[in-house]
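*Asks:* Spelled out, the chains give:
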Amino acid sequence: MQAAVNHLPVLTWNRLKLNRAQMEVGDDLLANTKKQPQSALFEIPLPEGISVEKNISADALQERFAALGIENPKEAFVAGKYPIYNRQRFGTGMGAAVDELMEGVGADYYTVDPTYQAEGPIKLHYGYGEGQSDLNRLVIHAKAGSRSTFILYYSTLPKACDYLEECGKCEMQQELLQHHKQEALVKSEEASKDNNTAGSLVGVQTYLYLEEGACVELHVVQMLEDGAVFFHDIGTFLRKKAELVMTKLDLGALTVYEGLNTLQIEDKSRFEMDFGYLGLGGGKMDINYNDVFCGKKCEGRMYFKEALLEDAQKTFRGTVDFRKDSTGCKGDEQEDVLLLGEDVINQTIPLILGEEEDVEGRHAATIGSLSEDMLFYMQTRGISKKKAEELMVRASLQSISNRVPSESIKKAVKNKICRVFE
Amino acid sequence: MAEKLIRIENIRASVGEEEILKDVSLQIAPGETHVLMGPNGAGKSTLGNVLMGSPVYQVTSGKIFFGEDEITKESADKRAQRGMFLSFQNPLEVPGLSLDEFIRNALRQKTGKPIKIFQFKKQLAEAMELLGMDESYASRDLNVGFSGGEKKKAEILQLLMLQPEFAILDETDSGLDVDAVRMVSKGIEEYQKRQEGALLIITHSTRILESLKVDYTHIIVKGKIVKTGGPELVDQINENGFEAFL
Amino acid sequence: MENKIQEGMRQDPAINIEGEQDRILLDGVQRELYDFKDEENEADFYRMDEGLTEEIVRAISEEKKDPEWMREFRLKSLELYHQIEVPDWGPPIDGLDMNRIATYVRSRSDMKGSWEEVPEDIKNAFEKLGIPQAERESLAGVGAQYDSELVYHNVREDVAAQGVVYSDLESALTGEYEQMIRDHFMKLVPPTDHKFAALHGAVWSGGSFVYVPKGVKVEIPLQSYFRLNAKGAGQFEHTLIIVEEGADLHFIEGCSAPKYNVANLHAGCVELYVGKNARLRYSTIENWSKNMYNLNTKRAIVEEGGMIEWVSGSFGSHESYLYPTSVLKGDGSHAEFTGVTFAGAGQNLDTGAKMIHIGKNTSSFIDTKSICKSGGISTYRSSVEIRKSAEGAKASVNCGSLMLDSISRSDTVPAADVRTNKADVGHEAKIGRISDEAVFYLMSRGISEAEARAMIVSGFASPVSKELPLEYAAEMNNLIKLEMEGG
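Sequence lines, in order, name chains A, B and C.
Note that our numbering has the first sequence beginning at 28, numbered continuously upward.
Note that our numbering has the second sequence beginning at 44, numbered continuously upward.
Note that our numbering has the third sequence beginning at 439, numbered continuously upward.
Bound-form chain A, shown alone (with noise of 0.2 Å):
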């Protein structure tokens, strides 16, 4: 099947092909997965304040959206005439036609209670055998004034046989290992056997919803196996001084698709994200990222940082939008890029759209190889060009990493990087 995802606010000449994605997924993966839902994931045991209901209904999700005073319509995405994104309220950056392929897909609904205030992160893994597919829903709703850090982790386990020896060195796998060990070996036993050859998909939407005051911190790491599609369709609601600090790495999988859409529908709260890529040979990415401004005094801050490689493909699509009355906002969206395969394809298109003139709103981009002075500089300390592309691609995914409170993911992404420099 096809379905038209990661829409542009506002259209562009189509000659250049930004306007919207095509999202490719083989009728046979898909039916597979849908017919098997098999949720991959590794938990260890919630601590007090934070609960989970298992597989909620779309419907029912619904109904708490309703209950909570927010849509979340599922009529179709109308661009090209402004302005268009003011019918979608709890919408998601991919839009509409990822409802339609969820469709029975049920949620994972976690909810912080107010007196949550937690520094450890809750670390939620899903780890697929070799080949295995899933689609699955979470939403995080942050009660008011809770505060909590979430780590989801996707990725393809190694084979049952390297499993055990592969989680020595995993102090995340570790932990979850105490709990699950039987079940893991299990699962990734099972799941390898069922190999699907029709590839292997990974589709995830997140919805984010904070009350007034909430703080998340949620990190996504995703290092699928070299040649699954992943897509993360996500949508984030911040009502008064919530805060929302993400981070999100891509370093695995060979198709992916990314759509966020945040709406700060209150005043006062905050956004940051800060988006790490590495694309390898064969690789594509596709990007649609919304900062939508409805609250005043809000700030919002994307930065993203891409490294591709070989003949790597990419687009960004990145929007600062501005809504009439969010007076005394500030944006700020900033890409680099570095180029360092031969064949590399690199399509940026940054927006900053404005309703209300009591804003700033900022937007930079950098795309190339590594800078001459950069060079230089790692040069004269006997580095060469090649290890010096190396070390600034290891530098900026690192930069996002660090950030993540988990040594095992920290380890797991420098192991990776050095993997595809090898």
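The set of hints was computed from the structure by calculation and includes no laboratory data.
In this text, all values refer to a predicted model and were calculated from it rather than measured experimentally.
Glycine is no exception: its CB is placed at the ideal position from the N, C-alpha and C atoms.
It cannot be assumed that every hint is accurate.
[To be verified] Computed from the model, here is a short list of chain B residues facing chain A with C-beta under 7 Å:
id : residue
1  : Met95
2  : Ser97
3  : Gln101
4  : Asp120
5  : Leu129
6  : Leu140
7  : Ala149
8  : Thr154
9  : Gly155
10 : Pro157
11 : Lys159
12 : Gly284
[Stated by the list, open to error] Here are the simulated DSSO-like pairs of lysine-lysine, each with C-alpha atoms no more than 27 Å apart in a straight line:
id : chain 1 : residue 1 : chain 2 : residue 2
13 : A       : Lys412    : B       : Lys229
14 : A       : Lys441    : B       : Lys106
15 : C       : Lys669    : C       : Lys652
Fit chains B and C to the known structure of chain A by using the hints.
*Replies:* Showing chains B and C alone in chain A's frame:
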């Protein structure tokens, strides 16, 4: 006279249409410290950058030798691997790459061997102590959020760790307070002592030179070396400025 | 020329606003300067029926005594026009009904080579705009188009003696340059490009042909002025400029029209051929009236080491689609685009630039300012394409938007498509408002708030005014003041 380590022969260099170095020659032997002084825009920093192979400048004629080998056209990393070093006036910032990781990588490129981590850490700690740098800087991102003084110290730290045979220090003392100058100059002294390293110190002030052994002083004006003398020239400049040479 | 501009800039009219003389200027600027309309005496004008049919296109072709190939070209373009869809991405053009646009209107008098012979009413119109004075003072040649045809064309003798050709396109079409025109006409902007390029191909009329031979440097600018006076009409002039190897030219175009309450259409086309190591500067101050649909296409192709500079001020029209394109074909070629757009009440101006890097070591530079006020909508739209062949390309985009109130709208839509890793592309966009502090600072020096704001806006637009000859910079600043007062 000792074998020369660096020989610059009739170098001319320009940026675009503008010629900045107009026939500069200079020789430096192992262990010698040379000071290059001159008014703003005279070509001091250009000479340092040209010696190290900066792509910003085009060498239009002349030759540069390191020992026996001509290196005029070599890339900067090759020169560094031979044992040359340039400290930057404005070192670049690299978020995500820690100072110690950077130095370790540079050392590995130079030696071609894996670094013995324990020994490395010890050396690094010693050098940082000498420079009065807090050890936390080792794990901080390279130059990110460093003050001017800390950046310069981090450059001297790299000088001490990489142990080049010949180092060019480009305005290492500019913008530093008295304490920082003292620390930096202590680091340079250590470099002079420790391995008989040759030095070309580019500066327009004389503060950094007070505690250092200086063998030769060169005055550069409008892209030409107009005077070469001993350490006494430094004092002369200190008193009278560059007036006499313009 | 350079010196003259710089000298002039020391007395930036925006800075001197406090002076008595400028105050008069500020108060005295009237929209009527551009909005005056002379009722056309029907007997003096030939007007084609409204609408767009094969008969009409044939009639235009007949009227213009086209060569055979051109008639064919027009008819093919018409077919394309009917096939190609209206763009789905820009300002809505539902208000434009081609059945109500007269595609061809001309005075019954022929083009004149001497100003005195131009019919009185038309002459008056241009006199009010200051066109012939400007020629006497600082131009190497002038063309003036009134509705669909040129009414006046003149080039200074010393410039003509260097071999520079500056004429209307129609006479060039049948003269010694026919082949040259055939080789270049709508080759850069083919009628297949988009719907209004096809329309242009079908009904084009008027415009200029400029040919600057190898090595000739034209020291002072040439100018064309386009005036669309007829109601419910379209203007489709074609400007074709060929600057040969090592030559140098500055070309200025000005546009204006009186305001009617029916839609007018401007679908001009500009094709610029810049030879090896040649240099062309193309400056435009566009002040169409606010019932105009300005769907204009401008494109330049630059050979090795050549350079195109666009300087563009967009103030008028109801709706504009305008994105001058530079095709950097030759190695080491260079393009610059400096533009300012001011969208006031009832305006939806979609402007920007396109850069296409094909040759090695090509470079491009875009610097634009958008201002919107009183409900105006301004969209900055651009694309920078770096093809795989364009190794060593450098491109920089800098766009700023200034919103003067919150009933207006300002969007920034810049795209980059980079297909080689040996490129360096930088982009920076900002949106914001006039800082209260800056206004306060100026007011504390005794300047009224309105003037302080006008000064700040002029300052914001100064990257463009600095690039214009003094008279045009002054005109631009007047237009800004006018817009600041209006609404």
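*Asks:* Tell me, which hint numbers fail for this structure?
*Replies:* 3, 8, 9, 10, 11, 12, 13, 14 and 15
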